[in-house]
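Participant: Single-letter residue listing:
2 protein chains.
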Amino acid sequence: MNILLVYAHPEPQSLNGSLKNFVIKHLEGLGHFVQVSDLYAMQWKATLDASDCMARQGIRFDPALDHAFESGTQSADIALEQAKLLWADALILQFPLWWFSMPAILKGWAERVYAYGFAYGVGEHSDVRWGDRYGEGTLAGKRAMLMVTAGGWESHYSPRGINGPIDDLLFPIQHGILHYPGFDVLPPFVLYQTSRIDEAKFARACEALGQRLDDLWITAPIPFRPQNAGDYDIPALTLKADIAPDQQGFALHIGR
Amino acid sequence: MNILLVYAHPEPQSLNGSLKNFVIKHLEGLGHFVQVSDLYAMQWKATLDASDCMARQGIRFDPALDHAFESGTQSADIALEQAKLLWADALILQFPLWWFSMPAILKGWAERVYAYGFAYGVGEHSDVRWGDRYGEGTLAGKRAMLMVTAGGWESHYSPRGINGPIDDLLFPIQHGILHYPGFDVLPPFVLYQTSRIDEAKFARACEALGQRLDDLWITAPIPFRPQNAGDYDIPALTLKADIAPDQQGFALHIGR
Chain Z
1 MNILLVYAHP EPQSLNGSLK NFVIKHLEGL GHFVQVSDLY AMQWKATLDA
51 SDCMARQGIR FDPALDHAFE SGTQSADIAL EQAKLLWADA LILQFPLWWF
101 SMPAILKGWA ERVYAYGFAY GVGEHSDVRW GDRYGEGTLA GKRAMLMVTA
151 GGWESHYSPR GINGPIDDLL FPIQHGILHY PGFDVLPPFV LYQTSRIDEA
201 KFARACEALG QRLDDLWITA PIPFRPQNAG DYDIPALTLK ADIAPDQQGF
251 ALHIGR
Chain F
1 MNILLVYAHP EPQSLNGSLK NFVIKHLEGL GHFVQVSDLY AMQWKATLDA
51 SDCMARQGIR FDPALDHAFE SGTQSADIAL EQAKLLWADA LILQFPLWWF
101 SMPAILKGWA ERVYAYGFAY GVGEHSDVRW GDRYGEGTLA GKRAMLMVTA
151 GGWESHYSPR GINGPIDDLL FPIQHGILHY PGFDVLPPFV LYQTSRIDEA
201 KFARACEALG QRLDDLWITA PIPFRPQNAG DYDIPALTLK ADIAPDQQGF
251 ALHIGR
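Sequence order for the protein chains is Z and F. Residue numbering for the first sequence follows full-length UniProt numbering, starting at 1 and increasing by one per position. Residue numbering for the second sequence follows full-length UniProt numbering, starting at 1 and increasing by one per position.
Honestly, the hints are just simulated from the structure, not real lab data. Treat the numbers as computed from the prediction; the structure is a model and nothing was measured. A hint or two may mislead.
Identical copies go unnamed one by one, so any copy, or any two together, can satisfy a pair.
When the alpha-carbon atoms are kept at most 30 Å apart in a straight line, the in silico DSS-like pairs for lysine-lysine are as follows [said to hold, decoys possible]:
hint	residue 1	residue 2
1	Lys201	Lys45
2	Lys20	Lys84
3	Lys142	Lys84
4	Lys84	Lys240
5	Lys20	Lys45
6	Lys240	Lys20
7	Lys45	Lys84
8	Lys25	Lys240
Generate coordinates for the entire structure from the input sequences, incorporating the hints supplied.
Facilitator: Shown next, in the form of structure tokens:
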């Protein structure tokens, strides 16, 4: 199978650098094809702006009205990442949790590569259908997984931990960035207390990670509710009143 | 009073550009002093990397071990933003919600300006005290507020909306980026359906926003629980078992 690893850490000689090398070797050992977008090494342009549309002539810049994807006037670096996504059967986003989200360079990868017509603004938008998204869309049928390192303790990210539960912190990424254009999203692989990793702990992490990679095609995805299968009122896009009544929040959008 | 507006939109002739101009004029009309960090106009460097420490000599880069803030070897652009934060009595972060979070350029502002020793790694870290953070720290006593625009409908971000409740989407920013180094965080000002804003709707938005600015010093902050006032077990940093028992999630960290 084809796997795209999008990797966002500035230091090759870091825990993340070592984990990245492990992932590539392990996946290739299983016979898969791996492409790596090493965003820092590529000096990826992190900021979405008017220069991303090569045909621009000084008119007001609005990424949602620009349609550079559809007109073939995107920057070449954006088109290349989109081609990698189309090639991939699975996507892995690997990053350190910085201020409770992904590093800016990776956020900017999503903002620029996820063009209008490619990752949003896809399909019919009307009062009865709100586009192909949340389980449908350009990247439907592919799998995605987060690989995250955190300096804090696991308890700090537990259901009653002060930082907030890790599943909720990752929801805007797993649901809002991965499920949105169609990915089936696997449970994340998260390593905690990363400033205290010795050889033995690194070996255990690689063992657990290797198992997750072995199981990439059989692990059950997080059962996010599809938008267009009847669970939501359209166009309000609220969960129907008879489903999980009186509940609210992110967990509501996980069915079964 | 002194107000720092950190603004992240690439197009001056946008709704965000117009709102920014309104905010500056309104605050100055109230007699306040306003500094604006217009990140796109400043061509703010969005990516945190080894070049941010000017004294670096080819050793392995770890932002949490680098201590460029303490040794005075930070990039000048970072030091300038820290000085603005120290000058300010209130901080406003203004941005369009892109993929359910802040634009990369603003995330990169936080990553670079929030240096070790300035915004984290402050105060005693031991098994009985986990630093001055979540209500304490360098920026304690100052106020902060988000000003956010979203293309989607308000219902899509409601408690049962498909995108997730706006308060939960903003929690990693309001709690994790603003409250963490000490800010008192005011409820956010959020505008929805921003592609459908006509003159009348813009006027109503400015009226509501003007009221929020008038009330900047009297609006009650979101009552996030302080870390070090007895609500949490340390070092696990989980909410004590007798507080809101059997509950979990972001809302748990809002008291009263």
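Participant: For every hint, state whether the structure bears it out.
Facilitator: So, going through the hints one by one against the coordinates:
Taking the shortest alpha-carbon separations for Lys201 and Lys45, neither the intra-copy value of 34 Å nor the inter-copy value of 35 Å comes in at or below 30 Å. Taking the closest pair of Cα atoms, Lys20 and Lys84 come within 30 Å of each other only inside a single copy of the chain (18 Å); across copies the shortest separation is 38 Å, beyond that limit. Taking identical chains as interchangeable, the C-alpha atoms of Lys142 and Lys84 lie at most 30 Å apart only when both belong to the same chain, with a minimum of 12 Å there against 45 Å between chains. Taking the shortest alpha-carbon separations for Lys84 and Lys240, neither the intra-copy value of 37 Å nor the inter-copy value of 47 Å comes in at or below 30 Å.
For the identical chains of this complex, Lys20 and Lys45 are neighbours both inside a copy (21 Å) and across copies (25 Å), given an alpha-carbon limit of 30 Å. Taking the shortest alpha-carbon separations for Lys240 and Lys20, neither the intra-copy value of 42 Å nor the inter-copy value of 37 Å comes in at or below 30 Å. Taking the closest pair of Cα atoms, Lys45 and Lys84 come within 30 Å of each other both inside a single copy (17 Å) and across two copies (26 Å). When the C-alpha separation of Lys25 and Lys240 is checked against a cutoff of 30 Å, the pair qualifies neither within a copy, at 46 Å, nor between copies, at 44 Å.
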